[in-house]
Amino acid sequence: MAAPFLQQQTVKPAASGHAKFDPKRDAAKDIADAVAKAKKENKRVLLDVGGEWCSWCHKLDAFFESNAEAKKILAASYVVVKVNYSQENENKAVLSKYPAIQGYPHLFVLDKTGKLIHSQDTGQLETGDHHDPAKVIPFLKKWAG
Numbered sequence: 001m002a003a004p005f006l007q008q009q010t011v012k013p014a015a016s017g018h019a020k021f022d023p024k025r026d027a028a029k030d031i032a033d034a035v036a037k038a039k040k041e042n043k044r045v046l047l048d049v050g051g052e053w054c055s056w057c058h059k060l061d062a063f064f065e066s067n068a069e070a071k072k073i074l075a076a077s078y079v080v081v082k083v084n085y086s087q088e089n090e091n092k093a094v095l096s097k098y099p100a101i102q103g104y105p106h107l108f109v110l111d112k113t114g115k116l117i118h119s120q121d122t123g124q125l126e127t128g129d130h131h132d133p134a135k136v137i138p139f140l141k142k143w144a145g
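Take the sequence shown: its letter number 20 is residue 20 in my numbering, and every next letter is one higher.
Just to be clear, a hint being listed does not mean it is correct.
Unchecked claim - Listed below are the simulated DSSO-like cross-link pairs for lysine-lysine, each with C-alpha atoms no more than 27 Å apart in a straight line:
(1) LYS20 / LYS59
(2) LYS112 / LYS29
(3) LYS20 / LYS92
(4) LYS59 / LYS40
(5) LYS135 / LYS112
(6) LYS92 / LYS29
(7) LYS142 / LYS71
(8) LYS37 / LYS20
(9) LYS37 / LYS112
(10) LYS37 / LYS141
(11) LYS40 / LYS141
(12) LYS37 / LYS92
(13) LYS40 / LYS97
(14) LYS142 / LYS115
(15) LYS40 / LYS20
(16) LYS39 / LYS20
(17) LYS29 / LYS71
(18) LYS71 / LYS37
(19) LYS29 / LYS135
(20) LYS39 / LYS29
(21) LYS142 / LYS112
(22) LYS24 / LYS112
As the list claims (entries may be wrong) - Each pair of labels, with its calculated beta carbon distance range:
(23) GLU88 / LYS135: 30 to 38 Å
(24) LEU116 / ALA76: 28 to 36 Å
(25) GLY114 / ALA76: 14 to 22 Å
(26) ALA19 / TYR98: 28 to 36 Å
(27) GLN87 / GLY145: 20 to 28 Å
(28) HIS118 / ALA32: 13 to 21 Å
Derived by calculation from the structure, the hints in this document are not laboratory data. Using N, Cα and C, we set each Cβ at its ideal position, and we do this for glycine too.
With the sequences and hints as input, model every part of the structure.
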């Protein structure tokens, strides 16, 4: 189940194969840069909102890295941006532009102009203690454009 709102858990640092949630990053600039890239490459933007404190965020990262089909869809159809949410930086200004988040990680899909087209509670993409390929892959395909 996705981490409930503000529930904090101690987890090991993210594996070196993927970007971390960084409270020092400028989320607004990262999103603007991703939208520019998505427009140029005719892709969608996938905002992955979470934090290093969130065990389910690490599980989703691991799924995106280890599942060949998900990795292929993401590379072909999305510009992925990690948006940090933590006690150190809640990114309130940026996240206030989107629907309220009930748990983490949370995914927002933007079109190539930056318009929100879908808000996804990742708890709906889980089965038991993992992200379910039978749920995640159709989600990625549906919103790939």
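Now the hints, each set against the structure:
1. For the hint pairing LYS20 with LYS59, the CA-to-CA distance comes to about 13 Å; that is within 27 Å, so the pair holds.
2. For the hint linking LYS112 to LYS29, the alpha-carbon distance of about 15 Å falls within 27 Å, and the restraint holds.
3. Between LYS20 and LYS92, the direct Cα distance comes to roughly 19 Å. Compliance with the 27 Å bound is thereby established for this hinted pair.
4. Proposed proximity of LYS59 and LYS40 is contradicted: the alpha carbons are some 30 Å apart, above 27 Å.
5. Pair hint LYS135 plus LYS112 holds up; C-alpha atoms about 24 Å apart against a cutoff of 27 Å.
6. Our distance criterion of 27 Å between C-alpha atoms is met by LYS92 and LYS29, whose separation comes to about 14 Å.
7. Taking the CA atoms of LYS142 and LYS71, the gap is about 15 Å. The hint holds against a cut of 27 Å.
8. Between LYS37 and LYS20, the direct Cα distance comes to roughly 20 Å. Compliance with the 27 Å bound is thereby established for this hinted pair.
9. Proposed proximity of LYS37 and LYS112 is supported: the alpha carbons are some 8 Å apart, at most 27 Å.
10. Under the criterion of a C-alpha separation no larger than 27 Å, the hint pairing LYS37 with LYS141 is consistent with the structure, at around 20 Å.
11. About 20 Å separates the Cα atoms of LYS40 and LYS141, which keeps this hinted pair within 27 Å; it holds.
12. At most 27 Å may separate the alpha-carbon atoms for a hinted pair to count; LYS37 and LYS92 meet this at roughly 24 Å.
13. Restraint check for LYS40 and LYS97: the C-alpha separation of about 23 Å stays at or below 27 Å, so the hint holds.
14. Among the hinted pairs, LYS142 with LYS115 is consistent with the structure: their alpha-carbon atoms are about 16 Å apart, no more than 27 Å.
15. Between LYS40 and LYS20 the alpha-carbon distance is near 25 Å, which keeps this suggested pair within the 27 Å criterion.
16. Distance restraint check for LYS39 and LYS20: the Cα-Cα separation of roughly 24 Å lies within the 27 Å cut-off, and the hinted pair is therefore satisfied.
17. With a C-alpha separation of about 24 Å, the suggested pairing of LYS29 with LYS71 holds against the 27 Å cut-off.
18. With a C-alpha separation of about 18 Å, the suggested pair LYS71 and LYS37 falls inside the 27 Å cut-off, and the hint holds.
19. The straight-line distance between the Cα atoms of LYS29 and LYS135 is roughly 31 Å, outside the 27 Å bound, and the hint therefore fails.
20. For the given pair, LYS39 sits about 15 Å from LYS29 by alpha-carbon distance, which is consistent with the 27 Å threshold.
21. The suggested pairing of LYS142 with LYS112 holds, with an alpha-carbon distance near 15 Å, which does not exceed 27 Å.
22. Restraint check for LYS24 and LYS112: the C-alpha separation of about 25 Å stays at or below 27 Å, so the hint holds.
23. Taking the beta carbon of each, GLU88 and LYS135 are about 31 Å apart, inside 30 to 38 Å as hinted.
24. One distance hint, 28 to 36 Å for the beta-carbon pair LEU116 and ALA76, is violated here, with the actual separation near 21 Å.
25. For GLY114 and ALA76, the hinted distance range of 14 to 22 Å is satisfied, since their beta carbons lie about 20 Å from each other.
26. Checked against the hint of 28 to 36 Å, the C-beta distance between ALA19 and TYR98 comes to roughly 20 Å, which is inconsistent with it.
27. Range check, GLN87 to GLY145: about 35 Å between beta-carbon atoms, so the 20 to 28 Å window is missed.
28. At roughly 20 Å, the beta-carbon separation of HIS118 and ALA32 lies within the given 13 to 21 Å, and the hint holds.
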